[in-house]
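**Q** If you want the building blocks of each chain, they are given just below.
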Amino acid sequence: MTCPSLSTAAAWVLGELEPADEQAFEEHYFACAACEARVMQIQHVLRTLHQSLPPVLTVERRRALEGRHTTIQSVPVKPGERAVIHLGPSAPIGLWVMSADLSEASRVDFEGSSPDGEVFLSIADVPFDRERGEVVLACQEHYRNLPGPTEMHVQLTATSADGTKRATHYVLDHHFQSR
Amino acid sequence: MESDLTDADLVSSIAAGTNASAEASLYRRFARRIEMYGMRHLGSRVAAEDLVQQVMLRVLMAIREGRLENPGSLASFVLGTCRNVTWDTRRAQIRQRAIEREAAALEDTVEPPGVTESDVRRLMGCMGRLPEREALVVRMTFLEDREVDEIAARLAVTSGNLRVIRHRALAKLAACLEGAVSQ
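So the sequence lines, in the order shown, correspond to chains A and B. Numbers 3 to 181, taken from the working numbering, label the letters of the first sequence in order. Numbers 2 to 184, taken from the working numbering, label the letters of the second sequence in order.
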């Protein structure tokens, strides 16, 4: 039997194969070192994703993060304001909590640009907290390795169910302490 | 070399008791496969590790006692044993206890073994190379924990199509990570 594809291995790991396909996969997998390696690859991706902190946090991720780390900085930013986060080995994660009127929003898009207007981070349909009117952007210490300016001009565009768009702007700056 | 032994050779050696390292070879050959099976069907690393121990013990006993009728079908026998033990495990609700133990263990864990900061960075790089829709599906599923139906509605695809997109995206990420590691 030919080895199933990496996609099939992914479907098996997620428990999303049809029963007959699952049975066939498992019968092959238990006799195949190559397929064992494929399953391990998929598991590694899933574990790594699980450990990754996305740029924009859901309410649940934020809660879990704040519960795990006592040294997390949360910096509130109102529309039109500028805020600074200082990151370093002792403070590896900071949260910018951008407030906006999101009570009517059905979708929020995020766009980050440099001071000269070049967009370098664009994320469609980001998570947001409608009740608290917040979008939370996580900044991590290892971002120090990324190219680009430390100052980011952010535009949040909230779209309501009737298509009305409302944009708010923020200036977020992050400074890295020397190691 | 040990790894060149066929399944039938391994079974013969263990049954005859002539090769002390045959049992260790058997373990090395199947332990990871059983563990991944346990992760898939029991959903918990602790439960999967328990499964490895139980299955290996049963398989070894069966070989030593000559109950494995066809030595060439060792892999099928291991799979069958996995299914039986998994069924027993579920019935005994060990899974729930294992998850609770794992949750408690996670309290003290910053990172599970095997995932490093550079893995995370490489993965983010690989995500940047995915087609936009696939990256969106990965982000919404695994980083934002959104439900399949919600994501499918957002992207105007069926739930079935969404799953296929997700499988492909994971496969691409796995291949990309593997390439990134070997470079």
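I should point out that these hints are in silico values taken from the structure, not numbers from a laboratory. Heads up, a few of these hints could be off.
Covered stretches of chain A (chain B as the covering partner; in silico rule of three or more C-beta atoms under 8 Å from a C-beta of chain B) [stated by the list, open to error]: (1) 42-51; (2) 158-165.
The calculated label-pair distances, taken between Cβ atoms and stated as ranges, are [to be verified]: (3) B:G81 x A:D23: 34 to 42 Å; (4) A:S116 x B:V165: 54 to 62 Å; (5) B:S77 x A:T159: 28 to 36 Å; (6) A:T4 x B:Q54: 48 to 56 Å; (7) A:Q75 x B:S119: 19 to 27 Å; (8) A:E18 x B:R91: 57 to 65 Å; (9) A:E62 x B:S77: 36 to 44 Å; (10) B:S119 x A:S162: 16 to 24 Å; (11) A:S92 x B:A32: 35 to 43 Å; (12) A:Q25 x B:E70: 20 to 28 Å.
Listed below are several chain B residues computed to face chain A (Cβ distance under 7 Å; list not exhaustive) [as the list claims (entries may be wrong)]: (13) R29; (14) L131; (15) P132.
Where a beta carbon is used, it is the ideal one built from N, C-alpha and C, also for glycine.
**Q** For the range 19 to 27 Å, tell me whether the beta carbons of A:Q75 and B:S119 fit it or not.
**A** 24 Å, holds
**Q** Would you say the segment 158-165 of chain A counts as covered by chain B, given the rule of at least 3 residues with C-beta under 8 Å?
**A** With 0 residues in contact (Cβ-Cβ under 8 Å with chain B), the coverage given for the segment 158-165 of chain A is violated.
**Q** Range hint 20 to 28 Å: satisfied by the CB atoms of A:Q25 and B:E70?
**A** 21 Å, holds
**Q** Take a look at whether the Cβ-Cβ distance between A:E18 and B:R91 falls inside 57 to 65 Å.
**A** 19 Å, violated
**Q** So does A:T4 sit 48 to 56 Å from B:Q54, Cβ to Cβ?
**A** 33 Å, violated
**Q** Taking the CB of A:S92 and the CB of B:A32, does the distance hold inside 35 to 43 Å?
**A** Given about 40 Å between the Cβ atoms, the range holds.
**Q** For the hint on B:P132, does the least C-beta distance to chain A fall short of 7 Å?
**A** Where the cut-off is 7 Å and the nearest Cβ of chain A is about 14 Å from B:P132, the hint is violated.
**Q** Could you say whether the range 36 to 44 Å given as a hint is met by the Cβ separation of A:E62 and B:S77?
**A** Given about 42 Å between the Cβ atoms, the range holds.
**Q** Return holds or violated for the Cβ distance of B:G81 and A:D23 against the range 34 to 42 Å.
**A** 18 Å Cβ-Cβ, so the 34 to 42 Å window is violated.
**Q** Three or more residues of the segment 42-51 of chain A near chain B by CB distance under 8 Å?
**A** holds (count 10)
**Q** Check the following: the C-beta atoms of A:S116 and B:V165 are separated by a distance inside 54 to 62 Å.
**A** 37 Å, violated
**Q** Using Cβ atoms only, decide whether B:R29 comes closer than 7 Å to chain A, and label the hint accordingly.
**A** Violated, because the Cβ-Cβ distance from B:R29 to chain A comes to roughly 11 Å (cut-off 7 Å).
In this structure, the earlier hints numbered 2, 3, 4, 5, 6, 8, 10, 13, 14, 15 are contradicted, and the remaining ones agree with it.
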